[in-house]
Amino acid sequence: MIPREKYTDMMTANKAVAIAVTRARPKVVAAYPISPQTDIVEHLADYVAQGNLKAEYVRAEGEHSAMTICAAAQGTGVRTFTATASQGLAYMHEVVSATGGMRLPVVMFVANRTLMSPGGIWPEYSDSMPERDAAWLQLYVEDNQEAFDMILQAYKIAEDSRVLLPIMVCGDGYILTHTTDKVEVLSIDEVDEFLPSYKAEHAYLDVDRPTAQGIIVPPEYHMELKYQMHRAMQDAKIVIKEINTEYGDKFGRDYGGLLSTYRMEDAERAIVVMGSTVGTARQVVDQLREKGEKVGLVKLRFFRPFPNEEIAEALKDVKAIGVFDRSFSYGSTGQVFLEVRNALYEVKKPILNFIAGLGGRDIRCIDLQFMYNKLKEVEGKEKIEDPLVFVNTRGVTV
Amino acid sequence: MKLQELPDEGPYVSGDSACAGCMASNIAHNVLRILGDRTIASVPPSCMSVFAGTFPNLNWNIPYFHMQFANTAATVTGISRALKAQGKEGIVVLGMAGDGGTGDMGLQSLSGAAQRDENILYICYNNQGYENTGIQASGMTPIGAWSNTTPVRNHNTGNEYYPKDIPRILIAHEATYVATASTADINDFIRKIERAKEIEGFRYIEILSVCTPGWDVKTHLGPQLAREAIDTGFWLLLEYDKRKLTVNHDPKFKGLKEFLKKQGRFKHMTQDQFHIMEEHIRHRYQVAKSLSALDHFL
Numbered sequence: 061m062i063p064r065e066k067y068t069d070m071m072t073a074n075k076a077v078a079i080a081v082t083r084a085r086p087k088v089v090a091a092y093p094i095s096p097q098t099d100i101v102e103h104l105a106d107y108v109a110q111g112n113l114k115a116e117y118v119r120a121e122g123e124h125s126a127m128t129i130c131a132a133a134q135g136t137g138v139r140t141f142t143a144t145a146s147q148g149l150a151y152m153h154e155v156v157s158a159t160g161g162m163r164l165p166v167v168m169f170v171a172n173r174t175l176m177s178p179g180g181i182w183p184e185y186s187d188s189m190p191e192r193d194a195a196w197l198q199l200y201v202e203d204n205q206e207a208f209d210m211i212l213q214a215y216k217i218a219e220d221s222r223v224l225l226p227i228m229v230c231g232d233g234y235i236l237t238h239t240t241d242k243v244e245v246l247s248i249d250e251v252d253e254f255l256p257s258y259k260a261e262h263a264y265l266d267v268d269r270p271t272a273q274g275i276i277v278p279p280e281y282h283m284e285l286k287y288q289m290h291r292a293m294q295d296a297k298i299v300i301k302e303i304n305t306e307y308g309d310k311f312g313r314d315y316g317g318l319l320s321t322y323r324m325e326d327a328e329r330a331i332v333v334m335g336s337t338v339g340t341a342r343q344v345v346d347q348l349r350e351k352g353e354k355v356g357l358v359k360l361r362f363f364r365p366f367p368n369e370e371i372a373e374a375l376k377d378v379k380a381i382g383v384f385d386r387s388f389s390y391g392s393t394g395q396v397f398l399e400v401r402n403a404l405y406e407v408k409k410p411i412l413n414f415i416a417g418l419g420g421r422d423i424r425c426i427d428l429q430f431m432y433n434k435l436k437e438v439e440g441k442e443k444i445e446d447p448l449v450f451v452n453t454r455g456v457t458v
Numbered sequence: 009m010k011l012q013e014l015p016d017e018g019p020y021v022s023g024d025s026a027c028a029g030c031m032a033s034n035i036a037h038n039v040l041r042i043l044g045d046r047t048i049a050s051v052p053p054s055c056m057s058v059f060a061g062t063f064p065n066l067n068w069n070i071p072y073f074h075m076q077f078a079n080t081a082a083t084v085t086g087i088s089r090a091l092k093a094q095g096k097e098g099i100v101v102l103g104m105a106g107d108g109g110t111g112d113m114g115l116q117s118l119s120g121a122a123q124r125d126e127n128i129l130y131i132c133y134n135n136q137g138y139e140n141t142g143i144q145a146s147g148m149t150p151i152g153a154w155s156n157t158t159p160v161r162n163h164n165t166g167n168e169y170y171p172k173d174i175p176r177i178l179i180a181h182e183a184t185y186v187a188t189a190s191t192a193d194i195n196d197f198i199r200k201i202e203r204a205k206e207i208e209g210f211r212y213i214e215i216l217s218v219c220t221p222g223w224d225v226k227t228h229l230g231p232q233l234a235r236e237a238i239d240t241g242f243w244l245l246l247e248y249d250k251r252k253l254t255v256n257h258d259p260k261f262k263g264l265k266e267f268l269k270k271q272g273r274f275k276h277m278t279q280d281q282f283h284i285m286e287e288h289i290r291h292r293y294q295v296a297k298s299l300s301a302l303d304h305f306l
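Protein sequences appear in the order of chains C and Z. The first sequence begins at 61 in our numbering and counts up by one. The second sequence begins at 9 in our numbering and counts up by one.
Just so you know, not all the hints are guaranteed correct.
[To be verified] Far from chain C, by Cβ distances over 10 Å, these chain Z residues were calculated:
1) S57
2) R124
3) D258
[Claimed, not checked] Beta-carbon label-pair distances, calculated as ranges:
4) C/D106 / Z/E208: 23 to 29 Å
5) C/S177 / Z/D249: 55 to 61 Å
6) Z/A301 / C/K114: 53 to 59 Å
7) Z/Q116 / C/K66: 41 to 47 Å
8) Z/Q279 / C/E284: 55 to 61 Å
9) Z/Q116 / C/D314: 43 to 49 Å
[Stated by the list, open to error] Quick list of in silico lysine to any residue cross-link-like pairs, SDA-like style, CA-CA up to 25 Å:
10) Z/K92 / C/K301
11) Z/K92 / C/D69
12) Z/K269 / C/D252
13) Z/K260 / C/V108
14) Z/K96 / C/A263
15) Z/K252 / C/M289
16) Z/K205 / C/L448
17) C/K114 / Z/K92
18) Z/K96 / C/K301
19) Z/K96 / C/K354
20) C/K114 / Z/F305
21) C/K114 / Z/E97
22) Z/K96 / C/P93
23) Z/K92 / C/A105
24) Z/K96 / C/D252
25) C/K301 / C/P270
26) Z/K205 / C/P270
27) C/K259 / Z/K205
28) Z/K205 / C/Y264
29) Z/K96 / C/Y258
30) C/K259 / Z/G95
Calculated from the structure, these hints are not laboratory results. Every residue, glycine too, gets a C-beta built ideally from N, C-alpha and C.
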């Protein structure tokens, strides 16, 4: 049994997520196993059996159905949860998109894993990145505590009447999902106060008040709905910050909202980092700072909505910028790089795109040191021929 | 309930934009006359989602949810589970899909829902092809039938494959209730929909739906062809309930050729093809009969 009270324990991100879900008390959980997410659905099956979570637990016959069950249940007026990774997310893609368009605040955990081919079960963002246009909020967590905290915040953000969009909480497969770390679990009472039980106030299926959801909308009416999705994303930026502040005030963990910075006060070189790599990057920044190098980092938390203004503000005083991408848009660059460079259009700066960790390749301290050193080379440069740098890749000259 | 006792109007309201003579529209109307307004419906992309579910015109005066092609059974599963979690009872959760959405893409989610015995009513209006996209063969198109993807040219002689038998697949799941029906036998139709309404668990009813453009027939011919389909054995009336299969009507297999010849999609058929069709129909009936001879399944 999970204690009612606040407690601290060592646990994997998967377990932290599953416990957070019991605290958030969704009424329907649709589950399908896929590495490295599987033990979330195992834990949840256990928690339902033990009575820690009172929910309809549906063992779907595939991720396409799992997402469908969540969307339809959410559309019937209850809070839902599912988790997936990699091929599972790709398999549910068309439903992911429909769920965003139907403004159903489903919460899903994505245990980031490479999308084939080549096959692999190790971390990469090539699974969640293709979902960036599906009208889902998308955030990447750094550690297990943040995974726990953000599941709770995710429900509150997604269900806010100014947002009403689904949200995927992404965490690095294995590095977080299968590695134990200290996690503080909030008490049931604390969570109940922060996240009251769900009451659908938007359109939902009710025989006493018939509405239609997800129907065909011809061109005459179509664009306004899409525009509203955009507006909701814009408003989500405000909501994310509000809820971050509320959570920080209540529980002492303020994550900075859309992004946070580390040792950026007088930084001359900075790297934009996401996910568990932020932890490694923090250490490298400290090491380089000890040697007198003025380096810092920006931890990008939300990829959707993308914090254009905030990132431009955070990077306005540096001389060179690196953007870390753990996925790649073939024929172009890393996806985060595209966004960051777009956000910096007004403040022209030398900028490099570091591609690292694909297929789960380890991102070591020396790789991040290499990135910071590489930025030295482009400081003050007017023009960069090719911003792409494949880090720690055999056969690639850097 | 008798036909005379059914309300003239149900929650599927008039004014849809179905083709002239469309039997799917008729099926929806009659199903909803029986089910009433304590029903939540989901329809996947199909003729019905277009002719009765394009904003701002909606013919479903009940809660209505439109999802994708492959996941109707999962959609109604989600609705049904959410109702259960909320403690809402006495509501029929209806999925209504065509044959393509049921037997091809939709088969996985249908199988999953049947195996889990989800508390849903799934109605397949089987018009024997992808008619919404302009008449292409589905996995449930009859052998020998013309369609735009089973052309009759040179050595091609229409659909080369036998149709999937979805009721038999679902009976193999030991599903709670599986039936086939036709508006041509309205008393049998009413009885089956009513039975499905009153029981809980996974219920599947497949209803033959004459598609006038897809079958290449005159628009007034739907009811007549539906009747002849039963008499000729082209469409069997079956019911699997309480682990027992019943064949509700024993066809005489007479007039099959004439029945087929009335349909443009079969008019090219050779004597050999008629023979293959007849063998197939008789075989399917024999299989159903032999299964019905079992005292019970499981």
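Going through the hints against the structure:
Residue placement check: Z/S57 does not keep its beta carbon more than 10 Å from all beta carbons of chain C (closest about 6 Å). For Z/R124, the requirement that its beta carbon stay farther than 10 Å from each beta carbon of chain C is not met, with the minimum near 7 Å. The claim that Z/D258 lies off the interface holds: its Cβ sits roughly 36 Å from the closest Cβ of chain C, which is beyond the 10 Å cut-off. A beta carbon spacing of about 27 Å between C/D106 and Z/E208 agrees with the range 23 to 29 Å that was offered as a hint.
In this structure the supplied range 55 to 61 Å is violated for C/S177 paired with Z/D249, their Cβ-Cβ distance being about 48 Å. For the pair Z/A301 and C/K114, the supplied restraint of 53 to 59 Å is violated, since their beta-carbon distance comes to about 46 Å. Remark: the range hint 41 to 47 Å for Z/Q116 to C/K66 is upheld by a beta-carbon distance near 43 Å. The hint said 55 to 61 Å for the Cβ distance between Z/Q279 and C/E284, and at roughly 59 Å that hint holds.
Distance hint check for Z/Q116 and C/D314: the Cβ-Cβ separation is about 45 Å, which falls inside the suggested range of 43 to 49 Å. Restraint check for Z/K92 and C/K301: not satisfied, since their Cα atoms lie roughly 35 Å apart, outside the 25 Å limit. For the suggested pair Z/K92 and C/D69, the alpha carbons sit about 34 Å apart, so the restraint of at most 25 Å is broken. The hinted pair formed by Z/K269 and C/D252 fails the criterion: a straight-line CA distance of about 68 Å is larger than 25 Å.
Proposed proximity of Z/K260 and C/V108 is contradicted: the alpha carbons are some 55 Å apart, above 25 Å. Restraint check: the Cα-Cα separation between Z/K96 and C/A263 comes to about 17 Å, which is no more than 25 Å; the hinted pair holds. At most 25 Å may separate the alpha-carbon atoms for a hinted pair to count; Z/K252 and C/M289 exceed this at roughly 51 Å. Proposed proximity of Z/K205 and C/L448 is contradicted: the alpha carbons are some 62 Å apart, above 25 Å.
Note on C/K114 and Z/K92: the hinted pairing holds, with a Cα-Cα distance of about 12 Å set against a maximum of 25 Å. The straight-line distance between the Cα atoms of Z/K96 and C/K301 is roughly 37 Å, outside the 25 Å bound, and the hint therefore fails. Of the pairs offered as hints, the one joining Z/K96 and C/K354 is violated, with about 62 Å between alpha carbons and a cut-off of 25 Å exceeded. Taking the CA atoms of C/K114 and Z/F305, the gap is about 34 Å. The hint is violated against a cut of 25 Å.
About 18 Å separates the Cα atoms of C/K114 and Z/E97, which keeps this hinted pair within 25 Å; it holds. This hinted pair does not check out: Z/K96 and C/P93 have alpha carbons roughly 29 Å apart, beyond 25 Å. Between the alpha carbons of Z/K92 and C/A105 the distance comes to roughly 18 Å, so the proposed pair stays at or under 25 Å and holds. Our distance criterion of 25 Å between C-alpha atoms is met by Z/K96 and C/D252, whose separation comes to about 24 Å.
For the hint pairing C/K301 with C/P270, the CA-to-CA distance comes to about 35 Å; that exceeds 25 Å, so the pair is violated. Proximity of Z/K205 to C/P270 is assessed by CA-CA distance (about 20 Å); at most 25 Å being required, the pair is judged to hold. A hinted pair counts as satisfied when its Cα atoms are at most 25 Å apart, and C/K259 with Z/K205 does not qualify at roughly 29 Å. Between Z/K205 and C/Y264, the direct Cα distance comes to roughly 23 Å. Compliance with the 25 Å bound is thereby established for this hinted pair.
Between Z/K96 and C/Y258, the direct Cα distance comes to roughly 16 Å. Compliance with the 25 Å bound is thereby established for this hinted pair. Taken as a hint, the C/K259 and Z/G95 pair is honoured in the structure, with Cα atoms around 14 Å apart against an allowance of 25 Å.
In terms of the numbered hints stated before, the structure departs from hints 1, 2, 5, 6, 10, 11, 12, 13, 15, 16, 18, 19, 20, 22, 25 and 27, listed from lowest to highest.
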